[in-house]
Each structure stands twice: as structure tokens, then as C-alpha cells.
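Residue numbers (our numbering), protein chains in the order written: chain A, 3 to 420; chain B, 3 to 420.
Where hints are given, some of them may not hold.
[Claimed, not checked] Cut-off 27 Å, straight-line C-alpha distance, at most; resulting in silico cross-link-like pairs (DSS-like, lysine-lysine):
| hint | chain 1 | residue 1 | chain 2 | residue 2 |
| --- | --- | --- | --- | --- |
| 1 | A | Lys321 | B | Lys328 |
| 2 | A | Lys278 | B | Lys321 |
| 3 | A | Lys321 | B | Lys280 |
| 4 | A | Lys30 | A | Lys241 |
| 5 | A | Lys280 | B | Lys321 |
| 6 | A | Lys328 | B | Lys321 |
| 7 | A | Lys321 | B | Lys321 |
| 8 | A | Lys321 | B | Lys278 |
For the record, the hints were derived by calculation from the structure and aren't laboratory data. Everything numeric in this text was worked out from a predicted model, so none of it was measured.
Protein chains: 2
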Amino acid sequence: VQIEIINTGTELLLGCILNTHQQWLCRKLSDLGYLIARQVTVPDTGPAIQEAVREALERADLILVTGGLGPTSDDRTRDFIATLLGRKLVHNQTVMDDINGFFARRHRATPAHTEVQALVPEGALVLRNRCGTAPGLAITIDAGKFKPGESWLIMLPGPPNELHPMFDEQVAPLLKSHLPLREPFLSLTLNTTGLGESVVENKIASPLKTLVDAGLEIGYCARPSEVDVRLSARGAHAKQLISQAEQIVRGLVGEYIFGASNQELPSVIIGLLARKHKTLAVAESCTGGNLAHRLTNVPGASAVFLGGWITYQNAAKEKFLGVQAKTLAEHGAVSEPTAREMALGARTRMCADYALSITGIAGPGGGSGAKPVGTVFIGLATPDRVDVVQRFNPLDRETFKYVTTQQALELLRRELLG
Amino acid sequence: VQIEIINTGTELLLGCILNTHQQWLCRKLSDLGYLIARQVTVPDTGPAIQEAVREALERADLILVTGGLGPTSDDRTRDFIATLLGRKLVHNQTVMDDINGFFARRHRATPAHTEVQALVPEGALVLRNRCGTAPGLAITIDAGKFKPGESWLIMLPGPPNELHPMFDEQVAPLLKSHLPLREPFLSLTLNTTGLGESVVENKIASPLKTLVDAGLEIGYCARPSEVDVRLSARGAHAKQLISQAEQIVRGLVGEYIFGASNQELPSVIIGLLARKHKTLAVAESCTGGNLAHRLTNVPGASAVFLGGWITYQNAAKEKFLGVQAKTLAEHGAVSEPTAREMALGARTRMCADYALSITGIAGPGGGSGAKPVGTVFIGLATPDRVDVVQRFNPLDRETFKYVTTQQALELLRRELLG
Chain A
3 VQIEIINTGT ELLLGCILNT HQQWLCRKLS DLGYLIARQV TVPDTGPAIQ
53 EAVREALERA DLILVTGGLG PTSDDRTRDF IATLLGRKLV HNQTVMDDIN
103 GFFARRHRAT PAHTEVQALV PEGALVLRNR CGTAPGLAIT IDAGKFKPGE
153 SWLIMLPGPP NELHPMFDEQ VAPLLKSHLP LREPFLSLTL NTTGLGESVV
203 ENKIASPLKT LVDAGLEIGY CARPSEVDVR LSARGAHAKQ LISQAEQIVR
253 GLVGEYIFGA SNQELPSVII GLLARKHKTL AVAESCTGGN LAHRLTNVPG
303 ASAVFLGGWI TYQNAAKEKF LGVQAKTLAE HGAVSEPTAR EMALGARTRM
353 CADYALSITG IAGPGGGSGA KPVGTVFIGL ATPDRVDVVQ RFNPLDRETF
403 KYVTTQQALE LLRRELLG
Chain B
3 VQIEIINTGT ELLLGCILNT HQQWLCRKLS DLGYLIARQV TVPDTGPAIQ
53 EAVREALERA DLILVTGGLG PTSDDRTRDF IATLLGRKLV HNQTVMDDIN
103 GFFARRHRAT PAHTEVQALV PEGALVLRNR CGTAPGLAIT IDAGKFKPGE
153 SWLIMLPGPP NELHPMFDEQ VAPLLKSHLP LREPFLSLTL NTTGLGESVV
203 ENKIASPLKT LVDAGLEIGY CARPSEVDVR LSARGAHAKQ LISQAEQIVR
253 GLVGEYIFGA SNQELPSVII GLLARKHKTL AVAESCTGGN LAHRLTNVPG
303 ASAVFLGGWI TYQNAAKEKF LGVQAKTLAE HGAVSEPTAR EMALGARTRM
353 CADYALSITG IAGPGGGSGA KPVGTVFIGL ATPDRVDVVQ RFNPLDRETF
403 KYVTTQQALE LLRRELLG
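The shape of chain A in the complex, shown without the other chains (with noise of 0.2 Å):
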């Protein structure tokens, strides 16, 4: 199944705003054993729309359009690909009662603009809209019209609260029923941080040749203190092979492996802790409030995340966090000392069963020789002690803000796990 992907829109090719669309649909698809050949971004104009889905017409199965469904004057998807295919559009009326019932749940009228949403393609399969007004629309299109086979082309409405769900719940199932693999695919992602790219490589890769040659596929994605494996294989044997590379990969790399299809560590931190009723609080400095702000974007942390301080300055290391003036004049702020003092002071004042703190040198200023941009100490306070790692992350600021918090995870998930 060969597939396409084409974002509309002159405000991506202005560069206002981010495409997050790409990496969300090729992310779905490929979970689901689909291959992406290409992704196409074009303004909204006639032309370049018509011209983007005629081509990829020639090529592709299945095309995904997205973007330009909304009711205003630069919205013009829906009538630009009708009058490509040659198709009228005619008034729905059930998407028209969608259209209402949403305006009337929020105790408005329905705008009259909006009315256009209505307009179907002949023949379209409709994808309703629960979280906004546009529908989404498939349309089959007959062999020898483009292409030999027969191909689909489905509209999905840009904001990604309205995407998301109707590509689960209406445009995955279509696919397994429409467009269903030849073969039986199974996926596994394991999601590993602490080593690099071609470290993992290296201590995996020849062990797992017997399966490569039986049709496993190994694919790896390195981002910042991260690296996923993702194990992917076809037919009748697929579930045995991932079984057996689960089972070979966990055995080599397995104390750095934190979760599993694409899981993030915040997420397991938390988990972890409500699954053994303790509680975190946490202390930061260079990272500003990064660690905080990444374990309470997981829904439900209250439960375990009591709370913690930002110290960037040294007094109120001292005034909050009862770290010793001693100790800041004798190893100053960025030393395992103040690290200990920071964890031990936020756990017992907090009243938490464990604590995370963070002092380092986040740069671009403020470095020295024997303290250069990137060093830092990250403490973590326990029931019964406190230990302190040092790392050295020479990155810009926004990435050893996080790859700093990273760290500072993954001591608590073994502590948690151990």
C-alpha cells in the first residue's frame, strides 16, 4: 500500500506555524505496519493543491489530505479536490445536524458561514466531526483514473483536537478494512536512555542477526538522552520474531530500557510512584523549573508530586532548603555537597519520601575552567541516604535543561525499581 501525505496551508510555508501533523500520522501509520513514501506541504492556493494530489494520485493508494476544511474565506480543500475529480458537492444533512448540535451544546447559534462544512463530495464517505464542525471526507477513486488500482483519498481537518481522534477511531479502522496489509505486522518500540545511538547498536545488532535473516527489522531513533529500537516484522511469524529480539534486546540493554511504545519517563516516574503510594518533591536550580514542569504535564501527579523550589540564587538555598552557608562558601553552589544538602533539605521539608535535586551550570554564561558550561550535580534523597551523580552536558541551554531533568528521572526510576 503505497501512501502519501499532503499538508495544506500558506501558513506552513510561511513558516508561523510547526507541522506537527507529519510526525503524528507517519508515527500512526507505521505503528500500524503502513510505509510512508512521501510528504508533501503546499500553500492554499487552486493550483497547488490541484496539482500536489493529481501527482500523487499517479503514485499512491492511499492520500492523505489534511488542513483547508474550516469555514473561512482560505479554506478551499474541500471544493479545489471536487472540482479535480470532477465531483458536485451536495448539501449533507446530517452533517449539517452535527454542525448544529455542536453550536447548541455551547449554547450558540450556528454561524452561517459555517454552512459551507456541509458541502459533500458526491459519493464521499463522511468521518464525523465529535470535537469540531468539519467533516472528514474519503472518496474512492476508480482504477484507470489516475492510476491502475483503485485508490482512496480521505480529508482530515487541521487543528490536531479534531485529527486525532477521528484518524483513531474512523480512519485506522477504514484502513484495516479498505486498505488491509497483505501480511499480518507487529511492531514493538523500546525506548532507552543513558547510552548512545551506536552504543546500543553495537552491543544489539550482532545478536539479533539470526532474526534479521528469519525478517526481523531493526530500526533505531536517537533524540536527546534517548534512543528508541524499534522491532518490526511481517507475516505468519511476526509475534514469534519480536518475541525473540524483545527478549535478546531487554537481556543486552534491559537497565536502560524505561518504557515501551514510545513512553515518556515522566510518565513512568509517576507511575511507578502511585503504584508504591510514595511521594516526590523536588529541588532545581540551573533547570529553572524543567523537571517540575515535565512530571506535572503527566495527568494525575498530584497523587505523588507534592511539589518542590526553584533556587537559582544561593540564599535561597539556605532560607528554603536549610543548605549550609558553609557549604556554599567551602565547594559553592554547583558541588555534590550543595546537591546532598538541596535533596535532604527539599525531602525532609516537604515531607516526601523522596527528592530530586539539581545544581549546575546551564550556560551560555557563568562557566569556569574547572567548572565549564555543562557541569552538574543531580542528588537524590531517600528513606535512608542521599546520593549524588555527576554529568557533564556541554549543550545548548534548552537541551541541558532537559537532558539534565532526564538524568535526574532515570536515578529515582532505578532507585524505584531496585
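With chain A's structure known, arrange chain B on it following the hints.
The following block gives chain B in isolation, referenced to the frame of chain A:
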């Protein structure tokens, strides 16, 4: 000048990685006055890359190709394009010296497999890479080979920290000298917060009509809690048109304009505090550290941002910020009086000039009939009083946190200007 962007990388089409090059390059190019006609992502394979490049060469005057210039086995963009264009790859000693220097500065021997990066297509201009090992390559393609006029193809390395300086320092000047705009171009983006897109448009569109008739272009870009107004013009009168338009827009919605040219609100706040020699502390509940995180993303924040508290629990609000038990019992944690006492406590205890407090319900759980999910109170303590505003942000958790911190920062911005 017709421009197309080709991003290469199988990992992009598997959804492993978010494509940030599109937005970054599009914004840079549109700020220089160039419009991008199309962006394409293709996998790392020879046929896919060559087909995309061949198609683009039939249309575009400039093609920017990103990725696939590294030293590993799947980095083959250079070869595939050289083959397509019928150019031999020749060893370039300047590039090899740069690569050797890169590793020497890191006290490492040059790995043998990096030598492939010193291969340069015959006649290509080398764009030296001061942040990595793969050089950029700019090639002119003779008129008539693919399309009537001459065109340029520029290959750029994938890592953003290499691509960004190479574009700014070498590609932008190359465009100005070799692919100049026919007319002078100017643009100005004004960043607003606090008004919806249609409200901004309703206020300024009619008053700008005369200037639009004279050649002014207006673009709107809406993001959560921000609407950017982009004013641009070409030709001899561009400067005058933009300056008149700016005056009109500032006259109508000036109080909502917090910056220009895509400044971010936290960096505006840090700048205002620094200029006034004032300091800030924060006390966050439902935003869980995001306010502090955003402020500390700004280099130099430590000069004016003293620190803060994340007080998820009532006990922490009492103990660390001095919120009275009576206040919490009578009004609840999400209330005007609690926000007031949090801001006051944070300002006093941190000895800061200003303090911001946030208490609310981020959701998805925790709402009630009287205080539904999205309810939030924001406090601002100044040297002589405490203001509290109530907002309602019924959004997903992460957007709630972002929009709420934006509202808090805007409250402080108006105080600092007033």
C-alpha cells in the same frame, strides 16, 4: 524566485522525529522576502531522493535539500544527487582539513569513515561547517538542463545546530548575491496576546485598506494565546508602507503588542525587569513549574529571576508561602484569596520586587460545577499592592499550562510598562 525544500530521512516518515527544518527554513526565507512554493519529505533511498530532486529541478530556481550528508551508511544524499546531475565526486582537501581540525579540537583522531564527507561534486561550492563535519554543497545547474533558466541546488546538513549557522552565515548572503529579489522587500511581525485572531482582524483590516491597495500585505498567524500580525511590502515604497501600517496597528491594538519579530513573552519580561533593576519570584500550583521553566529558558534570567515554589498541596501553600489555613478552608485552594496570599508570601519570602502566583484546575480531573476544569486565578504582588485576575482556560493540560503562564506574564508586562 521559485523555492522548494526537500527534507530527506526515513526516520521522518516513520514519525520518529519532528521535522523542525520546515518551519525554521520557511520563516528565515519569508523574512528575507522569498516565498516557498513546496516542501517535500522523502525517505533515504536513491530513487525517492532522485525523483523528488528531478521534479523540483523542473520547477524551482532554488532547491534546498536537508539531511543525509553524515558519515554513516544511510547518509547518501550527496552520492544520489551527484549521480542524478552527472557530476563526479572529488576529494576536497579544504573540507578534509576542516574535518581533521574538528576532531583535533576534541582531542580525537579523525575516524576513517568520515573521509566520505570530503567528497564534493565537481563544480560545487563548499559551505564550510564550523559546528560539525559535513560541509554544505551549493551547485548551479545550467539553464536548459531541467528547466529554461539556471537554478541552484543547495545541500545542507541535518543537525539543526549545524544547519542554522550555515544558513545564516553562508546561504542567506549567497541568495542575496546570486538570486536577488526583483524589488526591495521589507516585513515586520508584531506579536500580540490577549485578543483572538478575528478580533485583531476586525480592528485593523478596514483602517489598513488604503495601504493594502497601495501594496501592503497583511498576514495573521494564530497560536494558543498569541496572534502575530505580519506586515510586508515590496518595491520602492515598502519602508513607508510598513511604517505607516505599524503606526496604525499600534494605535488600534498597541496595548496587546508585547513584541516584534517573533520575540517571546518571557524574554520581553526578563528584559523589562533587567532594564528596571527589579526582581521576580513565582509561586505555582496548577502550572507546576512551567512559568519558572519558561522564564529560565532566557539566557541571563538569573540576574532578575530569584526563584519560586511549586506548591501542589494545601499543606505546602501554608507552610512555605504562608497561606492561612482559614483562607484554604473557607475559599478553597483555587480562589482569589488563595492566589493573593500566595503572591504576597512569595514576594515577601523571596525578598523580590514582584511575585506572580497561579492556582487553578488544569484537568483532566479535579473540576466541579462551581469551579470547572480550566478555572484559574493569577496573582501579582507589587511593592504596594496585590492584584488577582480570574481566567477560564478549558484546554488540554499542556495548552492550559502554556496559556495560563502567558496570561501571568502579560499581567506583569502591563505592570512594568504602566
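Evaluated hints:
{"no.": "1", "hint": "Lys321(A) / Lys328(B)", "in the structure": "26 Å, holds"}
{"no.": "2", "hint": "Lys278(A) / Lys321(B)", "in the structure": "26 Å, holds"}
{"no.": "3", "hint": "Lys321(A) / Lys280(B)", "in the structure": "21 Å, holds"}
{"no.": "4", "hint": "Lys30(A) / Lys241(A)", "in the structure": "19 Å, holds"}
{"no.": "5", "hint": "Lys280(A) / Lys321(B)", "in the structure": "21 Å, holds"}
{"no.": "6", "hint": "Lys328(A) / Lys321(B)", "in the structure": "26 Å, holds"}
{"no.": "7", "hint": "Lys321(A) / Lys321(B)", "in the structure": "13 Å, holds"}
{"no.": "8", "hint": "Lys321(A) / Lys278(B)", "in the structure": "26 Å, holds"}
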